[in-house]
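Engineer: Put chain B on the given structure of chain A with help from the hints.
2 protein chains.
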Amino acid sequence: MMNVLNHIAIAVPDMSTAIAHYRALGAEVSQPQDLPDHGVTVVFIQLQNTKIELLHPLGENSPIAGFLEKNPTGGLHHLCFEVEDLGAAIDTLSDVGARVLGNGQPKIGAHGKPVIFAHPKDFHGVLMEFEQA
Amino acid sequence: MMNVLNHIAIAVPDMSTAIAHYRALGAEVSQPQDLPDHGVTVVFIQLQNTKIELLHPLGENSPIAGFLEKNPTGGLHHLCFEVEDLGAAIDTLSDVGARVLGNGQPKIGAHGKPVIFAHPKDFHGVLMEFEQA
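Protein chains in written order, with full-length UniProt numbering: chain A, 1 to 133; chain B, 1 to 133.
Don't take every hint at face value.
Chain copies aren't distinguished; within one or between two, either way the pair holds.
Derived lysine to any residue pairs resembling SDA-like cross-links, with alpha carbons at most 20 Å apart [stated by the list, open to error]:
#1 Lys121 <-> Ala24
#2 Lys70 <-> Leu58
#3 Lys121 <-> Glu60
#4 Lys70 <-> Lys121
#5 Lys70 <-> His119
#6 Lys113 <-> Leu68
#7 Lys51 <-> Asn3
#8 Lys121 <-> Met15
#9 Lys107 <-> Asn61
#10 Lys121 <-> Ala20
#11 Lys121 <-> Ile19
#12 Lys107 <-> Ser94
#13 Lys121 <-> Gly102
#14 Lys51 <-> Val4
In short, the hints are calculated from the structure, not lab data. Source: prediction; values computed, not measured.
One chain only, chain A, in its complex shape (with noise of 0.2 Å):
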């Protein structure tokens, strides 16, 4: 079930410097895009075999503000795992006690596709997204 991973999500206090830095290092980095929808500037980060996310919060309400309140100066955000069967995903993290954020059930995430987030403190600490393949 949880074979690829699609995704690293970072959140970053200034987009155009960790832009800046990520270039410099080699990696091919996208223009920054808006999601208005959901409250965040986005930058892609295409390596071989994976890809990066940078984000930086957009508008009022941004997922990621709290985060960036926590961890001024940046951090790793969530992972995001493809999966085959979303509903399997969530049965499997309801058998292991782990909670699915927001009402228990998908909701359409930034690539357009259905997503779910585990609750980190019931998944050692790491916020995990799982999208439907």
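Structural biologist: Coordinates of chain B only, in the frame set by chain A:
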């Protein structure tokens, strides 16, 4: 230069529970291996496109003991990228003002290859490991 994500390292306070949870999600999880020279017990989770390393402190003065004190439920610890030229990576980090931990020179990492770590406060809150490919 920065093209391949070698692994994501996650520190966990309870290795056996973490193993059980990742296996429940259908991940391919190795047996634990003790690496006394590095002060950790490690478990590898092989994904199709990269891998996760679960880390648990081993012995005294483990490099992840302090992290787990600050993050008792566990958490994302570092990212490791393969680079073709570790010396060039050191130069680039210096150019962008990111300190290399320790004496600034490569050490032999847990995979038997030369590695360096960049200071997370100098790189957007993420502890970045660079491994000679």
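Engineer: Does the structure break any of the earlier hints, and which numbers would those be?
Structural biologist: 3 and 6
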